[in-house]
Amino acid sequence: MDEAAARQTAEDIENGEKILGAYSAPQPDERVLAEVKKNVVAALRRRRTVVFQRRILGAAVAAAIVVVSVLTLIRYGNPPNSHQTRMVAASIPSRVWEGADDADVTVLKAEIENIQIELSGVQSDDSGNESNDIGDLETELIEVNGDMWKG
Amino acid sequence: MAQRDIDRVIIGCNKGDEGCFTQLVDMYGRRCFGYFYRLTGNRDLSDELLSELFAKLVEKIGTYRGGSFDGWLFTMASNIFHDHLRFKQRQTRLLDEHSKRIMSQSSGVASGYDGDADKLQMALGELDSDVRELVMMRFYSQMSFKEIAESRREPIGTVLSKVHRGLKKLRELMG
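If you read the protein sequences in the order shown, they are chains W and C.
Letter by letter, the first sequence follows residues 1 to 151 in our numbering.
Letter by letter, the second sequence follows residues 1 to 175 in our numbering.
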């Protein structure tokens, strides 16, 4: 678009808009505007109520989640040291129980009973030395295991 | 009204101040009614659309992120008008020919007008609906061509050309 055409366009638009200005649209009734204001205030109050209800609902859901989580933890939570207990049990190969002499098995059973007694002691002890005791038990078990294989 | 005053009212609206919302109705109610009236030619329908616009304003005021408030408001007004048109079109499709005739006589959207329609309203009825809407948006919202183009997602050249064509034809019709 060259400069003359641009000027002509701007002039056309200006003149066209003058016509729009000369014929103003009808005004809304004051009653209508009052009604609009009333509706706006009502919508605003509705919105506030909804926001408040959502907050209450959100807080209730959060509280319910916390309660359910705590109850689940109490009901199904792992007992202390259960992990270590499983590790000790898993370190006895099932082969140990097969092909061994009766005398060896008797000795081994006695050793295991000792270990179980010590383990129960560790589990009921609150002194905080569990990890050392567990380590000792593991060493003992490994020795027993080694003795077994040595025959 | 100065931009600073508008900003102050909008801050109040964002805080949920009822007085600020009613102030917005005083500031923009007449202009928005004029916009709807020039697009529909029907007072009752314009009342309805105006009420819908301000109800939507309460809902959406938190999404206004500065810039031209007039542009933001009239874009929302344009969307409400389009929603209304879509609703009418759906309704019309469901009706038989006889009902369609009754609807077009009573709704007054884009083709039929109130009995007291002025000369300008009749001339506007001769424009393409798209062009008429652009001309009205430009006049009532006082948005720049750039703002209108952004709001309608159309190239600025297209918007300028449509408004120019529409106003030129309007002058001829009013001549």
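Incorrect hints may have been included.
Claimed, not checked - Each computed DSS-like pair below joins lysine-lysine, with the alpha-carbon atoms no more than 27 angstroms apart:
id: 1; chain 1: C; residue 1: Lys-15; chain 2: C; residue 2: Lys-56
id: 2; chain 1: C; residue 1: Lys-56; chain 2: C; residue 2: Lys-88
id: 3; chain 1: C; residue 1: Lys-146; chain 2: C; residue 2: Lys-56
id: 4; chain 1: W; residue 1: Lys-37; chain 2: C; residue 2: Lys-60
id: 5; chain 1: C; residue 1: Lys-169; chain 2: C; residue 2: Lys-146
id: 6; chain 1: C; residue 1: Lys-119; chain 2: C; residue 2: Lys-60
id: 7; chain 1: C; residue 1: Lys-15; chain 2: W; residue 2: Lys-18
id: 8; chain 1: W; residue 1: Lys-38; chain 2: C; residue 2: Lys-168
id: 9; chain 1: W; residue 1: Lys-18; chain 2: C; residue 2: Lys-168
id: 10; chain 1: C; residue 1: Lys-168; chain 2: C; residue 2: Lys-146
id: 11; chain 1: C; residue 1: Lys-119; chain 2: W; residue 2: Lys-38
id: 12; chain 1: C; residue 1: Lys-169; chain 2: C; residue 2: Lys-119
id: 13; chain 1: C; residue 1: Lys-119; chain 2: W; residue 2: Lys-18
id: 14; chain 1: C; residue 1: Lys-169; chain 2: W; residue 2: Lys-18
id: 15; chain 1: W; residue 1: Lys-37; chain 2: C; residue 2: Lys-56
id: 16; chain 1: C; residue 1: Lys-88; chain 2: C; residue 2: Lys-60
id: 17; chain 1: C; residue 1: Lys-119; chain 2: C; residue 2: Lys-88
id: 18; chain 1: W; residue 1: Lys-37; chain 2: C; residue 2: Lys-15
id: 19; chain 1: C; residue 1: Lys-60; chain 2: C; residue 2: Lys-15
id: 20; chain 1: W; residue 1: Lys-38; chain 2: C; residue 2: Lys-146
id: 21; chain 1: C; residue 1: Lys-168; chain 2: C; residue 2: Lys-119
Since the hints were made in silico from the structure, they are not lab data.
In rising order, the numbers of the hints this structure does not comply with: 6, 7, 8, 11 and 20
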